[in-house]
Amino acid sequence: MRSWRFLLTRRWLVFAAVVVVLCYAAWWLGQWQFHRLEDRKDRNAVVRANEDRDPATVSDVLAPGRPVAEDDEWRQVTATGTYDTDNTVIVRYRTRDGQSGVDAVVPLVTTDGATLLVDRGWIPVDNQGSAQPSDLPAPPTGEVTVEGWVRADATGDSTTVDERSTRAISSAEIGPAIGQEVYGGFVVLESEDGEPAAGLEPVELPELDNGPHFFYGLQWWFFGLLAIVGFGYLAWDERRSQRRGEPSPAEGALAERKRRRQAKDAHKQRVRAAYQQAYAEERAAREAHRDAAREDQSARTMPPSTGSIAPETNDAAGESRNAATRPNSSGTP
1 MRSWRFLLTR RWLVFAAVVV VLCYAAWWLG QWQFHRLEDR KDRNAVVRAN EDRDPATVSD
61 VLAPGRPVAE DDEWRQVTAT GTYDTDNTVI VRYRTRDGQS GVDAVVPLVT TDGATLLVDR
121 GWIPVDNQGS AQPSDLPAPP TGEVTVEGWV RADATGDSTT VDERSTRAIS SAEIGPAIGQ
181 EVYGGFVVLE SEDGEPAAGL EPVELPELDN GPHFFYGLQW WFFGLLAIVG FGYLAWDERR
241 SQRRGEPSPA EGALAERKRR RQAKDAHKQR VRAAYQQAYA EERAAREAHR DAAREDQSAR
301 TMPPSTGSIA PETNDAAGES RNAATRPNSS GTP
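The opening position of the sequence shown corresponds to residue 1 in full-length UniProt numbering, with each subsequent residue numbered one higher.
Note that these hints are calculated values from the structure, not bench results. Worth double-checking, as some hints may not be accurate.
Restraint-style ranges between C-beta atoms, simulated for each label pair [stated by the list, open to error]: (1) D60 <-> V144: 18 to 26 Å; (2) D60 <-> I228: 49 to 57 Å; (3) D126 <-> G232: 52 to 60 Å; (4) D126 <-> R66: 32 to 40 Å; (5) D162 <-> D71: 32 to 40 Å; (6) Q219 <-> P140: 28 to 36 Å; (7) R43 <-> R11: 46 to 54 Å; (8) A49 <-> D112: 39 to 47 Å; (9) V144 <-> T95: 22 to 30 Å; (10) A56 <-> T160: 29 to 37 Å; (11) N210 <-> S158: 21 to 29 Å; (12) T160 <-> Q219: 30 to 38 Å.
The C-beta atom is built at its ideal place from N, Cα and C for all residues, glycine as well.
Could you put together the complete structure from these sequences and hints?
See the structure below:
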């Protein structure tokens with residue numbers, strides 16, 4: 001009976017380390033979603049509490065240069081003053097139900113001298129550029145009393161104001177752009193002298209549900225549990241395969257990769273041998289061709305056979321004639 005000793009091999013130790021990292025990431029992401037759920041519950045509690053409170057004067061809640069307190073988010077306030085239409089700022093890229101549009105933020109110069117930024121509402125437009133829509137509804141003229149919900153300033157690069165246009169509302173950016181002292185934060189308009197803004201759709205109020213954070217947190221924790229269960233199953237399957245004397249799936253895959261690598265190496269060797277043989281045959285053919293050409297050249301440069309024998313024949317004939325004319329030793333002619 002085989003033991004679990006294979007879990008101490010390098011492959012399984014690395015596998016276990018990966019599972020631990022995945023489980024920790026899943027646990028952390030689940031906790032993050034549950035923290036977001038708690039933050040949303042706290043925000044909803046503040047909104048519900050402020051809904052039940054009577055509207056306050058804007059100067060009792062906001063002040064120039066002071067950020068909005070957390071407990072004052074979505075607090076209802078009232079303010080009386082005159083709209084400064086010439087310094088209207090549009091907020092681009094506000095989409096509703098797939099329709100592009102803009103929000104109209106108009107400064108309200110209050111009777112106490114400070115300016116309140118009022119988001120009067122949304123209007124659909126086709127052009128989302130920096131130019132203000134030509135059909136933007138004008139606010140009421142003269143002194144007007146507005147009522148609305150307090151909102152905190154946005155942050156980041158999206159709050160930059162360019163030619164009376166921005167992507168997110170921030171009193172810290174809009175105030176210097178229009179050259180006025182403004183209250184910190186802004187107000188989402190509910191009514192002007194008891195009536196909603198004409199020609200504009202009201203700003204959407206926040207949904208007071210808990211959102212999907214709870215189920216997202218459970219999903220991340222489920223992924224972590226799934227990684228642990230998967231590791232346990234693979235380890236059990238490995239041990240079961242060893243008990244049967246069969247290769248484990250991992251070993252089978254490793255053997256298959258080894259077989260393919262060996263087949264690939266054998267194919268490379270055959271191709272290399274074929275190239276070497278072809279090269280040797282081509283080299284032998286070139287050498288045979290050079291030998292034949294060398295022999296043909298030698299045959300062409302060799303002198304004819306008659307030219308070398310004729311002088312010897314003539315010398316022999318001359319010797320014969322000399323011998324016939326010389327006296328012999330006996331004195332006979």
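Results for each hint:
Distance hint for D60 and V144: a CB-CB separation of about 19 Å, consistent with the stated range 18 to 26 Å. The given range of 49 to 57 Å is respected by D60 and I228, whose C-beta atoms sit roughly 56 Å from each other. For the pair D126 and G232, the beta carbons lie near 58 Å from each other, so the given range of 52 to 60 Å is met. Between D126 and R66, the C-beta spacing of about 38 Å keeps the proposed range 32 to 40 Å intact.
Our hint of 32 to 40 Å for D162 and D71 holds, since their Cβ atoms are close to 33 Å apart. At about 50 Å, the CB distance of Q219 to P140 disagrees with the hint of 28 to 36 Å. Range check, R43 to R11: Cβ separation about 48 Å, and the 46 to 54 Å hint holds. Our hint of 39 to 47 Å for A49 and D112 is violated, since their Cβ atoms are close to 27 Å apart.
At roughly 29 Å, the beta carbons of V144 and T95 sit within the given window of 22 to 30 Å. Range check, A56 to T160: about 31 Å between beta-carbon atoms, so the 29 to 37 Å window is met. A hinted range of 21 to 29 Å for the beta carbons of N210 and S158 is consistent with their spacing of about 27 Å. For the pair T160 and Q219, the supplied restraint of 30 to 38 Å holds, since their beta-carbon distance comes to about 37 Å.
Comparing the model with each numbered hint stated earlier shows that hints 6, 8 do not hold.
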